[in-house]
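Residue numbers (the working numbering), protein chains in the order written: chain C, 1 to 112; chain F, 1 to 114.
A few of these clues could be false.
Stretches of chain C that chain F covers, calculated by requiring three or more beta carbons in the stretch to come under 8 Å of a beta carbon on chain F [unchecked claim]: (1) 41-47; (2) 91-99; (3) 102-108.
Here are a few chain F residues that sit away from chain C, every Cβ distance over 10 Å (derived from the structure) [claimed, not checked]: (4) N1; (5) Q22; (6) A24; (7) N28; (8) L78; (9) A82; (10) L112.
Just so you know, the hints here were simulated from the structure itself, not pulled from any lab data. Since this is a predicted model, take the numbers as computed values, not measurements. Glycine included, C-beta positions come from ideal geometry on N, C-alpha and C.
Listed below are the residues making up each chain.
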Amino acid sequence: GQQVMQIPQYQHVQEGEDFTTYCNSSTTLSNIQWYKQRPGGHPVFLIQLVKSGEVKKQKRLTFQFGEAKKNSSLHITATQTTDVGTYFCAGPNAGNNRKLIWGLGTSLAVNP
Amino acid sequence: NAGVTQTPKFQVLKTGQSMTLQCAQDMNHNSMYWYRQDPGMGLRLIYYSASEGTTDKGEVPNGYNVSRLNKREFSLRLESAAPSQTSVYFCASSDLTGIRETQYFGPGTRLLVL
Numbered sequence: 001g002q003q004v005m006q007i008p009q010y011q012h013v014q015e016g017e018d019f020t021t022y023c024n025s026s027t028t029l030s031n032i033q034w035y036k037q038r039p040g041g042h043p044v045f046l047i048q049l050v051k052s053g054e055v056k057k058q059k060r061l062t063f064q065f066g067e068a069k070k071n072s073s074l075h076i077t078a079t080q081t082t083d084v085g086t087y088f089c090a091g092p093n094a095g096n097n098r099k100l101i102w103g104l105g106t107s108l109a110v111n112p
Numbered sequence: 001n002a003g004v005t006q007t008p009k010f011q012v013l014k015t016g017q018s019m020t021l022q023c024a025q026d027m028n029h030n031s032m033y034w035y036r037q038d039p040g041m042g043l044r045l046i047y048y049s050a051s052e053g054t055t056d057k058g059e060v061p062n063g064y065n066v067s068r069l070n071k072r073e074f075s076l077r078l079e080s081a082a083p084s085q086t087s088v089y090f091c092a093s094s095d096l097t098g099i100r101e102t103q104y105f106g107p108g109t110r111l112l113v114l
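The following block holds chain C by itself, in its conformation from the complex (with noise of 0.2 Å):
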C-alpha cells in the first residue's frame, strides 16, 4: 500500500546546528504538508507544497518538493529551542484524497 517514510525517527542538536528531515512517497503526491507537533501538544499545519520543485521558506524553515513529487524535505537553519517537537510530512492517499498518508515523524531535540 501507499507509505510515506520519514528519517531520521530522532535528531539531538545543539542550539544554533542545522537540522533536516526527508520525506519519501512510494507514489507520487498532489501535495505535502508539513505540520509540527509540540511535546504534550497537537500537530499543527506548518505548510502545503504542491509544485514540482517547490521552495518555500518560512523564517528559519525552508521547505522542498522534489521534482518527481515523491520527496519532500524541512530544513531549519540555527535551530533554537522553540524549534523542539515532532515535524510530519503528510500526501494525500492516491485512492481517496480526503485521507492522509502520514510519516511517523521526526522528533527534534535540541540543547541549549
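Model the placement of chain F on the given structure of chain C, informed by the hints.
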C-alpha cells in the same frame, strides 16, 4: 473561533467500560477525522467523515464506532474498552477547497485503560 475542541482532556477507564469522546469544530468544515497516536506509531486514522451523514473506516477501526451528529460534531465511541486502546486521541477537521487540504487538530484526549 475555538477551532476544534475535544472533551474530555483525560480519562481513565477500566477494561470493559464504555465511553464517548466528543469533538466539535466551528470552522464550517465538511470533513472530520479521528486519529490515535501511540509512541513510535505516528498518527493512525480510526474513522473519518467526508461530510455530514457519512462515515468511513480508516486504518484501525476495530473496537470503535463513530457518529457524525451534524456538520459540527463527530463523536468516537469505545463500547468495551481494552488496554490496547490506551492512547492519545485526536480529532481533526478539514475543508477541501481546491487543492488545499489542511487538517486542523483538537488538543487531544489522553485515555488510559486499566
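Against the structure, the hints come out as follows:
Proximity of the segment 41-47 of chain C to chain F, defined as three or more residues with a beta carbon under 8 Å from a beta carbon of that chain, is established by the 5 residues found. With 4 residues carrying a beta carbon less than 8 Å from a beta carbon of chain F, the segment 91-99 of chain C meets the three-residue requirement, and the given coverage holds. With a threshold of 8 Å between beta carbons, the proposed coverage of the segment 102-108 of chain C by chain F holds, since 4 of its residues qualify and at least three are required. At roughly 15 Å, the least C-beta separation between N1 (chain F) and chain C is larger than 10 Å, which holds for a residue marked as non-interface.
A cut-off of 10 Å between C-beta atoms confirms that Q22 (chain F) is not in contact with chain C; the least separation is 16 Å. Non-interface status of A24 (chain F) relative to chain C is upheld: no Cβ of that chain comes within 10 Å, the nearest being about 15 Å off. Separation of N28 (chain F) from chain C is adequate, the least Cβ-Cβ distance of about 16 Å exceeding the 10 Å criterion. With a least beta-carbon separation of about 20 Å from chain C, L78 (chain F) lies farther than 10 Å from that chain, consistent with its non-interface assignment.
Every Cβ of chain C is farther than 10 Å from the Cβ of A82 (chain F); the closest lies at roughly 24 Å, confirming the non-interface assignment. Consistency note on L112 (chain F): stated as away from chain C, and its beta-carbon is indeed over 10 Å from all of that chain's, at 15 Å minimum.
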